[in-house]
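Quick mapping for you: the protein sequence lines, in order, are chains A and B.
Just so you know, we're using numbering that gives the first Met the number 0 here: the first sequence kicks off at 0 and counts up by one.
Just so you know, we're using numbering that gives the first Met the number 0 here: the second sequence kicks off at 0 and counts up by one.
These aren't lab readings, by the way, just hints derived from the structure by calculation.
There is no bait here: all hints are sound.
Below 25 Å or equal to it, Euclidean Cα-Cα: the simulated DSS-like pairs (lysine-lysine) are:
hint, chain 1, residue 1, chain 2, residue 2
1, A, K70, A, K27
2, B, K203, A, K76
3, B, K205, A, K76
4, B, K203, A, K22
5, A, K52, B, K152
6, A, K70, B, K203
7, B, K70, B, K148
8, B, K29, B, K129
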Amino acid sequence: MPNLLLFFLTIALEFILIQFMIKSPLKKIFLYIILINCITWPLANFLYFYFIKNWVMVEVMVFIGEGFLIKQLFEIKYPRAFLISFILNAVTSITGYLIHLIDIWIYLR
Amino acid sequence: MKRILVLSFILMLVLAASPCWGDIIEPGTKEIPLYYQIDNIDSYPDFFFLAHGIPSPSFEVLNSSEFSFYKLSMVYIYALPESEFNPLELENRDDAQINTFFQNNTKLIKSNLELSGSFDTVPEADKLEKAVMILEIDSLNDNELVISKKQMKYYFADGTQQVIDFQNQATIPQPLNTPGPGEYLFYILIPLLALGVIIFIIRKRK
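Just chain A, with the same shape it has in the complex (with noise of 0.2 Å):
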């Protein structure tokens, strides 16, 4: 089973980010951002482990995912929802990247 910590972060990430983008209720953009990765991360998750085993791949499906999500959810136009959903997963995977690295630093030392 994948790090739940990870997806939390992923949420919580997400969350402070998207509010600088999207003026919308707090506890309706709470509510979307959860829903999004409720869908998109045990499925990038299951695609990873089980059959396309290249993180990059998975990241380009998971923003295409997600553009999708946040332009129905958010009701804004499809290049604004796939500038949001590149941005958001830019920030998560270079944030997973850089814990990545710290784990590996901590386990050399």
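Place chain B on chain A using the hints.
Below, chain B alone, put in the same frame as chain A:
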């Protein structure tokens, strides 16, 4: 803005098409060490078996135990008649002398098989922990040492093992990796429930 998006997308596709991480482990993955074991080495008591590779090991005397080496090394197994070799002599030499020994010693019998040190990288959550390739000496005479790949043994974190025979020498049989019932619940049921709620929200608006 469109240009940035298009360029970013192209960059991601390029990265996805050629993931080249070299000696670095890809984020979210772990490296599975590959060990080797020669199944019938005890059937040749008149020979020493040595592993020698570039950049390492400089040399290792093999027995029936498992052995491994640095993942980027290229390693061959050599046989040497017992009467022609004293391991202690080699231990006292430096790397350059050992390399010369392996290049020039006419009594050494080099195997047909080149061994690699890494099995694969798998996602961190994968239960696979270790892979062991079981080798078998098919023939050994003064001129040739023929070794074939017999089986793969896979060891998992839950203590289970899988032993899979080689069907052909070019392809390593892969472990059977299937999700457990709890994993299906997490990976499939939660996304379906979330999708159901999203569809409900969108329909309710209309």
